[in-house]
Amino acid sequence: MINSNSLLSEVAQISGEKVQDCYQCQKCSAGCPVAYAMDILPNQVLRHIQYDHREKVLGSKTIWICASCYACSVRCPNNIDIAKIMDTLRGIASRSGIKLGEKEVPVFHSVFLDTIKSKGRIHELSLILQFKMKTRDFFKDASLGLKMYRKGKIKLLPSRFGGGKEIQEIFNAFEKGER
Amino acid sequence: MKDISYYPGCSLHGTAREYDESIRGVSDLLGIQLRELEDWTCCGASSAHCTDEELAIELAARNLAIAEKSDRELLVPCVACYSRFKAVEKEVKEHSKKVYFPYHGNVPIRYALDFFCDEAILEEVKKKRVKPLSGLKVACYYGCLTVRPPKVTGIKEYENPQHMDRLMKLLGADPIPWSYKTDCCGASLVMTRTDIVRRLGGKLLSMAKETEADCLVTGCPMCHSNLDTRQDELGKEVGDDFDIPILYFSELMGLALGHKDAKKWFGHHITDPIKVLSAKGLV
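Line by line, the protein sequences give chains A and B. This note's numbering puts the first residue of the first sequence at 1, with every later residue one more than the last. This note's numbering puts the first residue of the second sequence at 1, with every later residue one more than the last.
Careful: at least some of the hints might be erroneous.
As the list claims (entries may be wrong) - Covered stretches of chain A, as calculated for chain B (at least 3 residues, CB under 8 Å):
1. 5 to 13
2. 62 to 70
3. 104 to 114
4. 151 to 163
As the list claims (entries may be wrong) - 30 Å max Cα-Cα, derived DSSO-like pairs, lysine-lysine:
5. Lys132(A) - Lys99(A)
6. Lys236(B) - Lys132(A)
7. Lys98(B) - Lys176(A)
8. Lys119(A) - Lys69(B)
9. Lys147(A) - Lys86(B)
10. Lys275(B) - Lys140(A)
11. Lys280(B) - Lys137(B)
12. Lys99(A) - Lys147(A)
13. Lys203(B) - Lys61(A)
14. Lys165(A) - Lys93(B)
15. Lys156(B) - Lys86(B)
16. Lys260(B) - Lys275(B)
17. Lys263(B) - Lys155(A)
18. Lys131(B) - Lys169(B)
19. Lys69(B) - Lys147(A)
20. Lys275(B) - Lys209(B)
21. Lys151(A) - Lys132(A)
22. Lys119(A) - Lys176(A)
23. Lys165(A) - Lys98(B)
24. Lys93(B) - Lys117(A)
25. Lys151(A) - Lys263(B)
26. Lys275(B) - Lys155(A)
27. Lys147(A) - Lys209(B)
28. Lys103(A) - Lys117(A)
29. Lys260(B) - Lys61(A)
30. Lys69(B) - Lys98(B)
31. Lys86(B) - Lys27(A)
32. Lys169(B) - Lys264(B)
33. Lys165(A) - Lys209(B)
34. Lys119(A) - Lys131(B)
35. Lys203(B) - Lys156(B)
36. Lys260(B) - Lys140(A)
37. Lys117(A) - Lys97(B)
Calculated from the structure, these hints are not laboratory results. Ideal placement from N, C-alpha and C gives every residue a C-beta, glycine not left out.
Bound-form chain A, shown alone:
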C-alpha cells in the first residue's frame, strides 16, 4: 500500500512513473554525466522518495543539477523515466516552500518563463539581462557577449509578431488556477 500523502504517490501521480520499481542497480548514477556535481546520486533520489524523505529530496542540489540528458532514463532496467521524475521534483520543490538546494538554476527558470510571458518568444538578450539583474553578476560572459554581437549573433530588439497576447492569456489562466 502506498500512502496517498507520500512523496512517492505525489511523484507517481504527476509523472506517471513507478519509483517503487527501483531496485538500486545504480546504472542511472553510473552513466550520469553530472553525478560528480550532485549531493545525492540519482539512485539515492529514488530511494529517498520511496522512504518519503521529502526535505532531503526537494532540498537537494541534484534535482537542479540534472541536465535532462535522459541517459539514465534509457538505461534503467525497470523503465523508470528518471529524467522525467527530476522535472516533476523540480516542480514540486518550487511549489513547496522548502529552501532549494541550488540558487541560480531555479532563478533562471523563473526569469525564462517571465520572458516568455512578456514577449511570447525568447529574446536572448532580454533573458540574459533580466537574469543578470536577479543575480547581480554583470561581468560574467560580458566579453563573450560582445564577441557574439560582432558576429551578428545577438539581436538587439525582440521580434514583432501577433502571438504574444495568447501567451499572456495562457499564463494568466495558470496563475488564476483556471487551467
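Starting from the known structure of chain A, fit chain B onto it as the hints suggest.
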C-alpha cells in the same frame, strides 16, 4: 516542390541564425518550400517542463494547433523544441490528454536532421551534390535529445546513432568513429552552472581533438552555442587548447550542394571554420 510547415524556434532567430539560414538555403536547393508558422510562440523549453508540466503542454500545444490547421508536416530544427513537441504529441495521442488549443496529435513532427536523412531527400542530395567534402574528417555529435529518449524520438540506434554519419558520408566527408556521440554537453546549465558546462564541453572537445577530427557536426543550437562560443574556457578547464569548428549539418549540406551563401553562414561562428575548410579547398 514539396511544401512543409516550419517552426524555427527562438534560438534560430538569434544566436543560431546560421542554422536557420542554412536550413532555408538547403531546402531551397532541394525544392522544399518552407512555410513558417504564423505567429508562432516559444515552445517553453527548457524551463516550462521543469516548472509546471501543464503549462509546458499548453505552450507547445498552441504551436502544434497552428500547424494542425494544414495537413503539412512540421519541420523543427531545434532539438529542444522538437523534444517538447513530441512529448506533448505523446500525451495527447497516447494518454488522451485534453489541451486548450485545438490540437489532436495529427501533425507529423519532423526533426530537421531526421527529415534530411529520409531516403528520398538523400537521393536528391546525391543528385545535386556539386562539391564533395573530400578529405574533411568530421565527428558527428548527436548530443542528447536528438536521439533520447527513444520513446519520444523513435531512434533505434540511440546509443550509437548512424544517420548523421550516413548523411556526412553522402556529402563526401569522412565521419570518424568516436565514443562521445551522444554524451551530454550540459547546455541547459550554461547560464547558471557554467563550471559544469566547461567540464563536460572540455571532455567532448578533448576527445574530438584526439580523434583528429577537423570539425564537430551538430543539429542542436544549444550544443552548438555551448561548444562554439567558449572554447578558450573549455580548454583551460581540461588543460588543453582547442580550435575545433562546430558546424551545423545543414551548413555542410549547403556547402556540398554549392549554396552561394555558405561562406556567410560560417562568418557567424565564434570558432572560425573557414580556416579548416579552405585548407581542404572547400571554400
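Results of checking the hints against the structure:
no.	hint	verdict
1	5 to 13	violated (count 0)
2	62 to 70	holds (count 5)
3	104 to 114	holds (count 8)
4	151 to 163	holds (count 9)
5	Lys132(A) - Lys99(A)	holds, 22 Å
6	Lys236(B) - Lys132(A)	holds, 24 Å
7	Lys98(B) - Lys176(A)	holds, 19 Å
8	Lys119(A) - Lys69(B)	holds, 24 Å
9	Lys147(A) - Lys86(B)	violated, 35 Å
10	Lys275(B) - Lys140(A)	holds, 29 Å
11	Lys280(B) - Lys137(B)	holds, 10 Å
12	Lys99(A) - Lys147(A)	violated, 37 Å
13	Lys203(B) - Lys61(A)	holds, 23 Å
14	Lys165(A) - Lys93(B)	holds, 27 Å
15	Lys156(B) - Lys86(B)	holds, 16 Å
16	Lys260(B) - Lys275(B)	holds, 18 Å
17	Lys263(B) - Lys155(A)	holds, 20 Å
18	Lys131(B) - Lys169(B)	holds, 13 Å
19	Lys69(B) - Lys147(A)	violated, 41 Å
20	Lys275(B) - Lys209(B)	holds, 16 Å
21	Lys151(A) - Lys132(A)	holds, 22 Å
22	Lys119(A) - Lys176(A)	holds, 20 Å
23	Lys165(A) - Lys98(B)	holds, 22 Å
24	Lys93(B) - Lys117(A)	holds, 27 Å
25	Lys151(A) - Lys263(B)	holds, 13 Å
26	Lys275(B) - Lys155(A)	holds, 26 Å
27	Lys147(A) - Lys209(B)	holds, 24 Å
28	Lys103(A) - Lys117(A)	holds, 22 Å
29	Lys260(B) - Lys61(A)	violated, 49 Å
30	Lys69(B) - Lys98(B)	holds, 18 Å
31	Lys86(B) - Lys27(A)	holds, 26 Å
32	Lys169(B) - Lys264(B)	holds, 24 Å
33	Lys165(A) - Lys209(B)	violated, 48 Å
34	Lys119(A) - Lys131(B)	violated, 42 Å
35	Lys203(B) - Lys156(B)	holds, 26 Å
36	Lys260(B) - Lys140(A)	violated, 37 Å
37	Lys117(A) - Lys97(B)	holds, 23 Å
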